[in-house]
Amino acid sequence: MDVEQAARDLRNRTLSDIPRSLDRLIYLASMRDYNTGLYYHDGLASRFTQEIACEALANCHREAFAQLLGCSLRDLVGQIEGYIESTHTSPRDFVAAWKKLEPYRVAVPVETDPVTAQLLFSSFKIALAILEARLPSVPTRPNA
Amino acid sequence: MISLIFFLCIGALLFFCLFFLARRNPQAEGSSTALVEARQALNTLQIGLLPVELVQRVFAKEDWDYVRSETPKSIHELFMDERKGIAVLWLRQVAEQIGNLRRFHRGAARHYAKLNPRVELQLAVSFAALTGACRALQVLVYLGGPYVAPHLVGAVANAAARACRMSEESIAFLNAARMGVLAVQRSHLAAR
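Chain order of the listed sequences is B and V.
Residue numbers for the first sequence follow this note's numbering, beginning at 5 and rising by one.
Residue numbers for the second sequence follow this note's numbering, beginning at 409 and rising by one.
If you're looking for bench data, these hints aren't it; they were derived computationally from the structure.
Note that beta-carbon positions come from the ideal geometry of N, C-alpha and C, so glycine has one too.
Treat the hints with care, since some could be wrong.
[Said to hold, decoys possible] Per the computed footprint, the stretches of chain B lying under chain V, defined by three or more beta-carbons under 8 Å from a beta-carbon of chain V, are: (1) 70-80; (2) 117-123; (3) 131-143.
[Claimed, not checked] Within a straight-line C-alpha distance of at most 30 Å, the following computed DSSO-like cross-link-like pairs (lysine-lysine) qualify: (4) V/492 <-> B/103; (5) B/129 <-> B/103; (6) B/103 <-> V/469; (7) B/129 <-> V/492; (8) V/481 <-> V/492; (9) V/492 <-> B/104; (10) V/469 <-> B/129; (11) V/469 <-> V/481; (12) B/104 <-> V/469; (13) B/103 <-> V/481; (14) V/481 <-> B/104; (15) V/481 <-> B/129; (16) B/104 <-> B/129; (17) V/469 <-> V/492.
[Unchecked claim] Derived DEER-like restraints, expressed as beta-carbon distance ranges: (18) B/106 <-> V/481: 20 to 28 Å; (19) V/525 <-> B/47: 54 to 62 Å; (20) B/136 <-> V/559: 47 to 55 Å; (21) V/455 <-> B/51: 43 to 51 Å; (22) B/96 <-> V/484: 21 to 29 Å; (23) B/53 <-> V/553: 32 to 40 Å; (24) V/488 <-> B/100: 19 to 27 Å; (25) V/524 <-> B/21: 48 to 56 Å; (26) V/524 <-> B/106: 45 to 53 Å; (27) V/540 <-> B/46: 54 to 62 Å; (28) V/484 <-> B/140: 20 to 28 Å; (29) B/125 <-> V/552: 21 to 29 Å.
Put together the whole structure using the sequences plus the hints.
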């Protein structure tokens with residue numbers, strides 16, 4: 005019951021300000037310690053307990069993952085475009101970095117089914133290729 | 409003297425029988441392992457692979473329509489390769505988990521008198537049909553892409569979900585608590 009209350013608190017206070025499921029997924033994945041797999045959120049832990057906060061964050065992370073997975077490819081492309089805008093990075097640099105580093109691979113919740121995770125990775129790969137194809141071509145300088 | 413030798417032989421035979429039965433302990437552990445694995449296979453199928461949302465996403469035609477109408481040709485090939493790979497992976501995983509369940513019902517399930525032979529027979533037929541359908545679909549998807557047989561995909565997913573429900577009901581007497589005990593026993597044995 006407490007976990008559900010904490011999750012509701014998290015949704016109302018924090019996640020409601022993050023409209024895109026991609027942004028929520030990245031935000032919640034960033035709350036996780038990569039060494040232990042545990043989630044930390046000081047505000048939530050102070051209102052509840054560390055264990056409850058951790059479980060609530062994990063639940064919301066799974067929720068965001070499921071929401072993103074349910075998006076169509078068109079929607080995913082739109083979400084990545086929106087995310088690029090919000091980071092104020094050049095789209096070319098962003099697409100190059102994401103294609104190379106594949107940061108979305110560390111954003112999946114623990115115990116995600118491998119096929120499900122693979123589907124999302126594959127969709128990201130296609131979406132990034134679509135965004136790359138849409139980038140304006142760089143004018144080539146004639147050799148001096 | 410002859411009767412002494414006879415009784416000694418009987419004694420030795422009994423001793424070997426006991427020794428043989430004692431050596432069957434790992435077999436008993438094996439059956440608990442099979443139970444845990446069957447439960448895991450059911451979870452993987454029901455929670456991981458067969459939810460309608462996932463199946464719809466893997467075989468979503470709207471994604472292909474979007475790619476075909478709004479992206480350059482170079483993306484079409486990438487999309488098809490990626491989705492074909494995911495579809496084949498999904499089918500392979502479903503077939504593998506169905507195989508795990510089939511092995512459990514064919515082997516370890518024999519030890520449980522509470523299992524209904526008629527249900528077990530129905531399950532055997534379902535598992536065989538599903539395995540065949542998954543293999544056929546894998547070939548079809550490999551050759552023709554993920555949208556080659558949408559109705560067959562739906563039928564396989566529904567049949568697999570039905571078989572899971574039947575399997576779950578047939579082993580329902582092994583409740584979650586028992587599974588928890590078995591999982592702990594298994595991890596202890598593995599740690600030895």
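So, going through the hints one by one against the coordinates:
With 6 residues carrying a beta carbon less than 8 Å from a beta carbon of chain V, the region 70-80 of chain B meets the three-residue requirement, and the given coverage holds. Taking a C-beta to C-beta cut-off of 8 Å, the region 117-123 of chain B contributes 6 residues in contact with chain V, enough for the three needed, and the coverage statement holds. As drawn, the region 131-143 of chain B meets chain V at 3 residues by the rule of a beta-carbon pair under 8 Å; at three or more, the given contact holds. For the proposed pair residue 492 of chain V and residue 103 of chain B, the alpha carbon gap of about 21 Å is at most 30 Å, so the pair holds.
Proposed proximity of residue 129 of chain B and residue 103 of chain B is supported: the alpha carbons are some 7 Å apart, at most 30 Å. Between the alpha carbons of residue 103 of chain B and residue 469 of chain V the distance comes to roughly 25 Å, so the proposed pair stays at or under 30 Å and holds. Between residue 129 of chain B and residue 492 of chain V, the direct Cα distance comes to roughly 14 Å. Compliance with the 30 Å bound is thereby established for this hinted pair. Under the criterion of a C-alpha separation no larger than 30 Å, the hint pairing residue 481 of chain V with residue 492 of chain V is consistent with the structure, at around 17 Å.
Taking the CA atoms of residue 492 of chain V and residue 104 of chain B, the gap is near 23 Å; set against the 30 Å cutoff, the hint holds. Distance check on the hinted pair: residue 469 of chain V and residue 129 of chain B sit about 18 Å apart at the alpha-carbon level, within 30 Å; holds. Restraint check for residue 469 of chain V and residue 481 of chain V: the C-alpha separation of about 17 Å stays at or below 30 Å, so the hint holds. Of the pairs offered as hints, the one joining residue 104 of chain B and residue 469 of chain V holds, with about 28 Å between alpha carbons and a cut-off of 30 Å not exceeded.
Between residue 103 of chain B and residue 481 of chain V, the direct Cα distance comes to roughly 19 Å. Compliance with the 30 Å bound is thereby established for this hinted pair. Taking the CA atoms of residue 481 of chain V and residue 104 of chain B, the gap is near 22 Å; set against the 30 Å cutoff, the hint holds. Proximity of residue 481 of chain V to residue 129 of chain B is assessed by CA-CA distance (about 16 Å); at most 30 Å being required, the pair is judged to hold. Distance check on the hinted pair: residue 104 of chain B and residue 129 of chain B sit about 10 Å apart at the alpha-carbon level, within 30 Å; holds.
The straight-line distance between the Cα atoms of residue 469 of chain V and residue 492 of chain V is roughly 12 Å, inside the 30 Å bound, and the hint therefore holds. Distance hint for residue 106 of chain B and residue 481 of chain V: a CB-CB separation of about 25 Å, consistent with the stated range 20 to 28 Å. One distance hint, 54 to 62 Å for the beta-carbon pair residue 525 of chain V and residue 47 of chain B, holds here, with the actual separation near 58 Å. About 35 Å separates the C-beta atoms of residue 136 of chain B and residue 559 of chain V, a value inconsistent with the hinted range of 47 to 55 Å.
Between residue 455 of chain V and residue 51 of chain B the Cβ separation comes to about 30 Å, which falls outside the hinted range of 43 to 51 Å. Evaluation of the 21 to 29 Å hint for residue 96 of chain B and residue 484 of chain V yields a pass: the beta carbon distance comes to about 23 Å. Taken as a hint, the range 32 to 40 Å is violated for the pair residue 53 of chain B and residue 553 of chain V, whose Cβ atoms sit roughly 51 Å apart. Restraint check, residue 488 of chain V to residue 100 of chain B: a C-beta distance of roughly 24 Å satisfies the suggested window 19 to 27 Å.
Our hint of 48 to 56 Å for residue 524 of chain V and residue 21 of chain B holds, since their Cβ atoms are close to 54 Å apart. Here the CB-CB span from residue 524 of chain V to residue 106 of chain B is close to 49 Å, well matched to the stated 45 to 53 Å. Evaluation of the 54 to 62 Å hint for residue 540 of chain V and residue 46 of chain B yields a pass: the beta carbon distance comes to about 55 Å. Between residue 484 of chain V and residue 140 of chain B the Cβ separation comes to about 21 Å, which falls inside the hinted range of 20 to 28 Å.
At roughly 24 Å, the beta-carbon separation of residue 125 of chain B and residue 552 of chain V lies within the given 21 to 29 Å, and the hint holds.
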